[in-house]
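Guided by the hints, dock chain B onto chain A, whose structure is given.
Given next are the chains, with one letter for each unit.
Protein chains: 2
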Amino acid sequence: MKLSSKMDRCRLSPMRKFNPYADAAKARGIKIYHLNIGQPDVATPKAYYEALANYADPVLSYAPSSGINEYVDSVRRYFKRIGVELERSEVLPTMGGSEALQMTIATLLDDGDEIVIPEPFYPNYHTSITLAGATIRPIPTYVEEGYFYADKARVEACINENTRAILMTSPGNPTGNVLSREELQLMLSIAKEHNLFIICDEVYREFVYDSDDLVSALQYEEYKDNVIVIDSVSKRFSACGARVGVVISKNKEFMSQVMKWAQCRLATPSVDQLASAALYDLDPSYFDEVKKEYCLRRDTCIAGLQAIPGVKCRTPRGAFYVMAALPVEDADDFQMWLLNEFDDNGETILFACGEPFYGTPGRGKNEIRIAYTINAPDIKRAMEILKIALEKYNNR
Amino acid sequence: MKLSSKMDRCRLSPMRKFNPYADAAKARGIKIYHLNIGQPDVATPKAYYEALANYADPVLSYAPSSGINEYVDSVRRYFKRIGVELERSEVLPTMGGSEALQMTIATLLDDGDEIVIPEPFYPNYHTSITLAGATIRPIPTYVEEGYFYADKARVEACINENTRAILMTSPGNPTGNVLSREELQLMLSIAKEHNLFIICDEVYREFVYDSDDLVSALQYEEYKDNVIVIDSVSKRFSACGARVGVVISKNKEFMSQVMKWAQCRLATPSVDQLASAALYDLDPSYFDEVKKEYCLRRDTCIAGLQAIPGVKCRTPRGAFYVMAALPVEDADDFQMWLLNEFDDNGETILFACGEPFYGTPGRGKNEIRIAYTINAPDIKRAMEILKIALEKYNNR
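The listed protein sequences correspond, in order, to chains A and B. Using numbering that gives the first Met the number 0, read the first sequence as starting at 0 and increasing by one per residue. Using numbering that gives the first Met the number 0, read the second sequence as starting at 0 and increasing by one per residue.
Be a bit skeptical, because a hint or two may be false.
No copy labels: a pair is met if it fits in one copy or bridges any two.
Mimicking PhoX-like on lysine-lysine, the simulated pairs with C-alpha atoms at most 25 Å apart in a straight line are [claimed, not checked]: (1) Lys1 x Lys79; (2) Lys391 x Lys25; (3) Lys223 x Lys1; (4) Lys30 x Lys379; (5) Lys311 x Lys364; (6) Lys1 x Lys151; (7) Lys16 x Lys386; (8) Lys379 x Lys291; (9) Lys290 x Lys25; (10) Lys191 x Lys1; (11) Lys1 x Lys251; (12) Lys290 x Lys391; (13) Lys16 x Lys251; (14) Lys45 x Lys311; (15) Lys25 x Lys386.
If you're looking for bench data, these hints aren't it; they were derived computationally from the structure.
Bound-form chain A, shown alone (with noise of 0.2 Å):
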């Protein structure tokens, strides 16, 4: 029986694909480090847990598909702290960034489409677009320039008339990039420019480690037809399994079209957007603790990634995310040892390859993303294994 040639073409998690390896590796007795999900450690905060225990509805009935009013309303007054207004109308709960991501590109893309994205990007970016019978035109960024790619020639020469979109992560999601109040203006302005609309993944946005302003797509007023941000609890609460996001955008016809896909699913889960809600509600200065914290992760990160002979990277500004090219010619392979032959006194590492992270065929090979959502110890301790590893995998 033929299933969906699109489905085919879509691929398996790259993060959880050395999973039955790690597994087996567990099984004799090797204590892993997992630096390959960005699930964070934090715990979540108190008021999730208070809002599951309250809820006293006798039935658990759908919410509407446009969302609970309680946490729309949380979401418009925490975007109203840094400047912006928004209509009810304009914010779509979603069941996590990840749905808002799929609705929003089966939203915009036809097959045929192209949509421009920055590489490295995050890979599940891929399947919703391949569903859509789209296609990514990559941006090719680089190690040695920091994965630099607001810049008008670079961005335009991968506008053509296919093009429907830009998408783009900040911070950024695998890099750690951070655009610049100037870079986003450029970003956006391109947009406008090719009447495309651009879509703003910015569900890192509290975590900046070298300033305090929140920067959204949304402050810019004059580009407000162009812009749908995606937006989530995961991350910043370090609530991941709530599965509670949003889409927001001030184009109306975007919003509307939208909403066909929201009402085919009915609705998102009740108790946790009301939950949802009481973290949106929380003070801001619950951020210092948990940024300063991954603040020392990166720097631990990066301190023990530079004293590696061979291994490039840049510091992240951002997210919780480092890539790195290591002195390797397949990580993938470099990896697969890491788990079925190596260990260093019993422990080994697991990162996420760096190929699944790019659209142009045979980049990224060398390259790997740390998610640095473990501890300040066991991240250094994972870097020295790193740097064990490389050595004996170079001399074998």
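Here is chain B on its own, set in the frame of chain A:
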């Protein structure tokens, strides 16, 4: 800016279309009997809320893309009770039956493909199928024949070289039709003979009023490579707001392809999955009271409808819907009149209009779907209002 032409061909939900007019009527002080949405008023079992309150993990982390074992195992135990042995890998938790359908359709259908569905059918099927680039080939059924479709010649007349799958809902929404075991086997055998997948939407499995026989297409081992079952806690346990469902298949290729969607959206909510496990483990006697109540409502609704001259309907065997043909030309116009111009002692009714449940243009215009999810005295009164309204409407 151009948006997706596929999304443009999708429709907004017919069940929610009249909400603004209903809100306006309410604002004028009119009481509305809501017969338009399948939202049960039955209390959600306490086990669900206890599980919410007892969630103890300090970090609300991602569930695996393949779901939480406690929930998957509760589903497996449930099916074991009706004679179906399921492997862990054959059960994939989803965001309600809705996402199970979205991902199944995206996994099976390509541009130009066709899927055979008896009409009238649940309108949300249309959105997922259109987004996949495929079209619905409806099997026509008629109220006079009790919406019967399980006939070899009738089904095969709809199968051609573009057909990839059959989709059926039993017990049915909107008809309340229930396939007999012979009819189910016939449908499965047609799928097998023509090398088609058969998607069996079984979310109303427990709601059959003249039998305690729990039927699932998974019980027919011979057709296991063809069968995909959609299931959900929403209706079964009156837990629509949980958004927890499941897609089940013994076809390994399908399960491996559908996993790409599962990984793309990362996970379904952790707490809701755990709480749903508690629901599946309820004693089956839980359904006795619930079924008795729905049976009373069905009988009340049918008695009311049969007392109205010119109304055609059949007593449905299952689910909680009745499809009825009214002595009007255009149910849409009648509904608008009911909300804008009519009341009986300050009361009126809201149903779902029939046309969007059909794939054949022009069909269903004089039909309506009634959801008997409100209590029996209210249903009795609603049917009285319908009778009075039809008289007035037809003698304007």
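Results for each hint:
1. Lys1 x Lys79: Answer is neither; intra-copy 50 Å and inter-copy 30 Å both fail.
2. Lys391 x Lys25: within (21 Å within a copy, 75 Å between copies)
3. Lys223 x Lys1: between (43 Å within a copy, 16 Å between copies)
4. Lys30 x Lys379: Within. Shortest intra-copy distance 15 Å satisfies the 25 Å Cα cut-off; inter-copy 66 Å does not.
5. Lys311 x Lys364: within (14 Å within a copy, 67 Å between copies)
6. Lys1 x Lys151: Classified as between: cross-chain Cα gap 23 Å, same-chain 44 Å, threshold 25 Å.
7. Lys16 x Lys386: within (23 Å within a copy, 62 Å between copies)
8. Lys379 x Lys291: So Lys379 and Lys291 pass the 25 Å test inside one copy only (17 Å; across, 63 Å).
9. Lys290 x Lys25: Neither. Shortest intra-copy (31 Å) and inter-copy (49 Å) distances fail the 25 Å Cα cut-off.
10. Lys191 x Lys1: between (41 Å within a copy, 13 Å between copies)
11. Lys1 x Lys251: Answer is between: at 13 Å across copies they meet the 25 Å cutoff, but 38 Å inside does not.
12. Lys290 x Lys391: neither (35 Å within a copy, 67 Å between copies)
13. Lys16 x Lys251: between (40 Å within a copy, 18 Å between copies)
14. Lys45 x Lys311: neither (40 Å within a copy, 56 Å between copies)
15. Lys25 x Lys386: Result: close within a single copy only, 21 Å intra versus 70 Å inter.
Checked against the numbered hints above, the structure violates hints 1, 9, 12, 14; every other hint is satisfied.
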